[in-house]
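Asks: Kindly produce the complete structure, drawing on both the sequences and the hints.
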Amino acid sequence: MGNRLSKKWLAALIVVAIIGVFAWNRLLREVPQQITGGTEEYFKYGSIGTEAEAGIPYWIWLVLPRIFPEYLPGPGGYPSVGFMVERGEALPIGFSRKVIGFERVAFNCAVCHTSSVRLNPEELPTFYPGGTANTMDSQAYLRFLRQAAEDERFRAKEILDAIQQVTDLSLPDRLLYRFVIIPATRRGLLEQAANYAWMEDNPDWGPGRIDPFNPVKVALLDLEAGGTIGNSDMQPIWNLGPRVRGGHVFHTDGLNDDIREVVLSSALGDGATPKSLPMTELEEIELWLMDLEPPAFPNKENGSEFEIDEDLAAQGRAVFEAECSTCHAFDGERVGTIITQSEVGTDPHRIEMWSQEAAAAYNAYTEGYPWEFESFVWNDGYQAVPLDGIWIRSPYLHNGSVPNLRAMLQPPARRPDKFYRGYDVFDPNDVGFVSDVAEERGRAFFEYDTSLPGNDNGGHEYGTDLGADDKDALVEYMKTL
Amino acid sequence: MKIGGTARTRTAAGVLEDNVYMSPVDEYQARYRRRATVLSVFCLLALFALVYGYFNFDRPEDFDDVVEQFKYGSIGSETGGSVLYPAGGYVPPYWIFMTMPEVCSDLLPPGGLEAVGLIMEEGRDRPIGISRRRRLGMDEVGLNCAVCHTGTVRETDDSEPVVYAGMPANQLDMQALIAFLLACGQDERLTYDAVRRHTRENDGRIGFVERLIYRAQLLGPGKQVDQRSVAMTEQIGMILGDEVTPWGRGRVDTFNPYKALQFNWNLSKLPHDELLGASDFPSIWNQAPREGMHLHWDGNNESVDERNLSASLGAGVTPVSIDHPRLDRVKDWIWELPPPEYPFAIDDALAARGEPIYERQCASCHAFDGADVGTVVDIDDIGTDPFRLNSYTYLFSVNQYALYPNSEYQFKHFKKTNGYANQPLDGIWLRAPYLHNGSVPTLRALLDPPAERPTTFFRGYDVYDQADVGFVHDEPSEGELKFSEYDTALPGNGNGGHEYGLGLSEDDIEALLEYMKTL
Chain A
1 MGNRLSKKWL AALIVVAIIG VFAWNRLLRE VPQQITGGTE EYFKYGSIGT EAEAGIPYWI
61 WLVLPRIFPE YLPGPGGYPS VGFMVERGEA LPIGFSRKVI GFERVAFNCA VCHTSSVRLN
121 PEELPTFYPG GTANTMDSQA YLRFLRQAAE DERFRAKEIL DAIQQVTDLS LPDRLLYRFV
181 IIPATRRGLL EQAANYAWME DNPDWGPGRI DPFNPVKVAL LDLEAGGTIG NSDMQPIWNL
241 GPRVRGGHVF HTDGLNDDIR EVVLSSALGD GATPKSLPMT ELEEIELWLM DLEPPAFPNK
301 ENGSEFEIDE DLAAQGRAVF EAECSTCHAF DGERVGTIIT QSEVGTDPHR IEMWSQEAAA
361 AYNAYTEGYP WEFESFVWND GYQAVPLDGI WIRSPYLHNG SVPNLRAMLQ PPARRPDKFY
421 RGYDVFDPND VGFVSDVAEE RGRAFFEYDT SLPGNDNGGH EYGTDLGADD KDALVEYMKT
481 L
Chain B
1 MKIGGTARTR TAAGVLEDNV YMSPVDEYQA RYRRRATVLS VFCLLALFAL VYGYFNFDRP
61 EDFDDVVEQF KYGSIGSETG GSVLYPAGGY VPPYWIFMTM PEVCSDLLPP GGLEAVGLIM
121 EEGRDRPIGI SRRRRLGMDE VGLNCAVCHT GTVRETDDSE PVVYAGMPAN QLDMQALIAF
181 LLACGQDERL TYDAVRRHTR ENDGRIGFVE RLIYRAQLLG PGKQVDQRSV AMTEQIGMIL
241 GDEVTPWGRG RVDTFNPYKA LQFNWNLSKL PHDELLGASD FPSIWNQAPR EGMHLHWDGN
301 NESVDERNLS ASLGAGVTPV SIDHPRLDRV KDWIWELPPP EYPFAIDDAL AARGEPIYER
361 QCASCHAFDG ADVGTVVDID DIGTDPFRLN SYTYLFSVNQ YALYPNSEYQ FKHFKKTNGY
421 ANQPLDGIWL RAPYLHNGSV PTLRALLDPP AERPTTFFRG YDVYDQADVG FVHDEPSEGE
481 LKFSEYDTAL PGNGNGGHEY GLGLSEDDIE ALLEYMKTL
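As given, the protein sequences belong to chains A and B, one line each in that order.
In terms of this note's numbering, the first sequence opens at residue 1 and continues consecutively.
In terms of this note's numbering, the second sequence opens at residue 1 and continues consecutively.
FYI, nobody ran anything at the bench for these hints, they're computed from the structure.
Computed from a prediction, not measured in an experiment: that's the story for all the values here.
Treat each hint with caution, since some may be false.
Only pairs whose alpha carbons sit at most 25 Å apart, straight line, appear in this in silico DSS-like list of lysine-lysine [what the hints assert, rightly or not]: (1) A:479 with A:300; (2) A:98 with B:412; (3) A:300 with A:157; (4) B:331 with B:415; (5) A:418 with A:471; (6) A:300 with B:416; (7) B:2 with A:8; (8) B:223 with A:157; (9) B:269 with B:415; (10) B:269 with B:416; (11) B:412 with B:331; (12) B:2 with A:7; (13) A:275 with A:98.
Which stretches of chain A does chain B cover? Using the computed rule of at least three CB atoms under 8 Å from a CB of chain B, they are [unchecked claim]: (14) 163-170; (15) 470-479.
Beta carbons are placed, not taken as given, at the ideal position from N, Cα and C, and that holds for glycine.
Replies: The structure is reproduced here in structure tokens:
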């Protein structure tokens, strides 16, 4: 009799084991990525450990814009929010896909740190890894995901019908999608939306900007956004070597001066967890960024408006040495240090977003890990940044409130009150992206209004009293940085 | 006696166990129950296998002759994604499709499907370009390559038409055809009874299960054929009507329906001039020497295979339903297919005089060994109408890379250009009207300066004009068959640009035209 019972148990055990192995295989099994082509390719498409927690199932991600096109800024799928797509790539730059049970897609560093540039509207864009994602509106993407998840059509029938148009899922996979993956994805997206609810009370980020630390405060540190506004420009991350060797602080407000912590905390901010951080790969990216150089200005010959006037640039060099280099040259004595807000006078919101309390909380968050954070601090000013590759880093100031270099050399009252962001056609005369074009082929650009909180274009009045000739020369020289 | 189990009794002293013995009747009943269980499990499995086999059955109609396969064979565009949703694509299942021209005859010009340019051959149940496939428990139909790439030619209006497989479908009004299918699909006269009656009257037979599907899932208000037609009308209706420059016979807007149907873009939110992308159907012979050239009018792809897969999406396949082996059969055939020879008299001496003129005036861009053949000429230099170029956008191209996802077929080659590609001129005599938008009716007119080219003419007639090299284009109709009036003043229809070979002497023009008949 006991024999019979144990047979039943054995059978049950085998069935449970088979289901368990199947479920593990289809939901949790981690498959290493195959990314060839070196660190740059890994930077653009490799994993930084965000897929497990923040990853969206690839097939669902792929069909969402086809089911909910009305929640995107315009026709055009994901690229309509300004993601950059290389020829022949199924995913935009900055999206990694990895099999963890099923294929999932999530962000990596490149989504915020790659620039798109065209020298004229007819040209195809060139992408520069390490730059600032000047066309990318991550808030539009977050809102798209939220609205899709809130829509009642985010359910198995609609999503599986759409997936069936592009791939043939097996019956067991379809059941998993129907009963596990689709509902879980929806829950996850709604949870993410709840974590970002605070941003709807703030002015919009617009393309090329992000509130980098309120999401961390709310999602990781159990703090409130508390009505603070951290909107600021994405940062270039090339030339880390001279920055690290010079002992520079990082982030616009210099809240950390340890590059390893900056890299790891950025991955956590993108959705990685302390356990999922791929330390080896992140270190490889960090090493690659140490020596990554900014792109040179597209200096064209023969009277083109992109031709650099070498003589004028040489004159400008002297102006730069006199006016800017203390704070902005790699060998300047104040470069990479904090200039207090009262001295520089730029918009204070970004500083008020962070606090001693938040810094302490972030240091405590990683306690017990071999790489635990200890360098987060709060400063009452902004970093004097090196200006390498400054031509491609517009708009300027930490909050991106000044569209081009020429406007930077104007007194605040004469800088533009409103302009457009997100267009990647370059203006070689004013040095910056073209900022007076409202839309291109139906895609509306973002109107930046300097009167909104966090968007102020005041302060940093250095060089504003130079003569016209000196300004011309200085701008010419700055193209060469 | 056998022990049938144990009985347990809980007492103060603990649990007592007793053996329960089976009587002969118990044994008989147990045996009976076992057999009944086995039998019913077996029956269930058999039933499941039958149902599964019935719905999973997938057999396209095939043809030994590759030309017939091209004209009537399947590439996998037949309607429907799954058993639960068998309606899809452009065309409803076979018997519904066959009934449409009858019940919706007022939605077609007099003459039915042939009047919108589908070609009926003797002894066939359906027009060229319509494939048939038994799948999802039904007879289904779809469009194939031949619908856009087969045409007819007549020497005079008294001659029998000759069908040329691979030539542009000069006679086909695709806009009218799709508009008809979508309108009839949601027409209340398209009922199950109408389909049943039509089928009976034509000695057809709809199977029992198929009838159930027709009735329960497909036909009637709100059912799938209606639903699907309404949905597709929402997606592409605005480019099938008056809001765009008419495509007319022999032309299609390739990429705008694609934006809506593959990606569900809302076309009304695109700049309106982007929606005027009509251009000529191309010929599809001689593909081997074209590999690596810039294909499509604007040269947006350099891979013949990828271009074929893209065109198949246009015919209604999905990455799931596409039939690669059968598409490959067509591909292998057009790879080496020579252009059809000019069937009328050629003055060999005159043609020989034309050859050096061609070499001098045309060959560098248009001969297979020309230095610039297959490359893209900037729009400012070629000067032809820009609308087709502008209908294919960078934003669209980067979306295409997600087509055929996670497969060896994933698109990698599409690229936005800024001009039009130099085409080889093999079989050019059959490819009139000329220029990408078909704005110049004959080769002779193309050798005139733009200002002297005809500003209005008619497209779609298959009687050949041997003197000017092209189709007769000054006839508005033949009997009740109406041709498409082409107005070069409409946006997208401009006949300017391509100002090459102008200023040749009359004699040289005659010689060049004669030579070009031999290409």
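Asks: Holds or violated: residue 2 of chain B and residue 8 of chain A, Cα atoms, limit 25 Å.
Replies: At roughly 21 Å apart (the allowed maximum being 25 Å), residue 8 of chain A and residue 2 of chain B satisfy the hint.
Asks: Taking 25 Å as the top limit, are the C-alpha atoms of residue 300 of chain A and residue 416 of chain B close enough?
Replies: OK: residue 300 of chain A and residue 416 of chain B at ~24 Å, within 25 Å.
Asks: For the pair supplied as a hint, residue 479 of chain A and residue 300 of chain A, confirm whether the alpha-carbon distance does not exceed 25 Å.
Replies: holds (12 Å)
Asks: Check whether the Cα positions of residue 331 of chain B and residue 415 of chain B lie no farther apart than 25 Å.
Replies: Holds - the C-alpha atoms of residue 415 of chain B and residue 331 of chain B are around 22 Å apart, at most 25 Å.
Asks: For a C-alpha distance cap of 25 Å, please report whether residue 223 of chain B and residue 157 of chain A respect it.
Replies: Roughly 17 Å separates the two Cα atoms, so the pair holds.
Asks: Sort out whether residue 331 of chain B lies within 25 Å of residue 412 of chain B, counting only the CA atoms.
Replies: Within the cut-off at roughly 19 Å; holds.
Asks: For the pair we were handed, residue 2 of chain B and residue 7 of chain A, check the Cα-Cα distance against 25 Å.
Replies: holds (21 Å)
Asks: The region 470-479 of chain A covered by chain B? Criterion: 3 or more residues, Cβ-Cβ distance below 8 Å.
Replies: violated (count 0)
Asks: Is residue 300 of chain A within 25 Å of residue 157 of chain A, Cα to Cα?
Replies: Given pair residue 300 of chain A, residue 157 of chain A is violated - Cα atoms ~55 Å apart, limit 25 Å.
Asks: Per the coverage rule (Cβ-Cβ under 8 Å, at least three residues), is the region 163-170 of chain A covered by chain B?
Replies: Check passed, 5 qualifying residues.
Asks: Given the proposed pairing of residue 98 of chain A with residue 412 of chain B, does the C-alpha separation stay at or below 25 Å?
Replies: Holds, at roughly 20 Å.
Asks: Just to be careful, I want the Cα atoms of residue 269 of chain B and residue 415 of chain B compared with a cutoff of 25 Å; is the pair within it?
Replies: holds (23 Å)
Checked against the numbered hints given earlier, the structure breaks hints 3 and 15 and satisfies all the rest.
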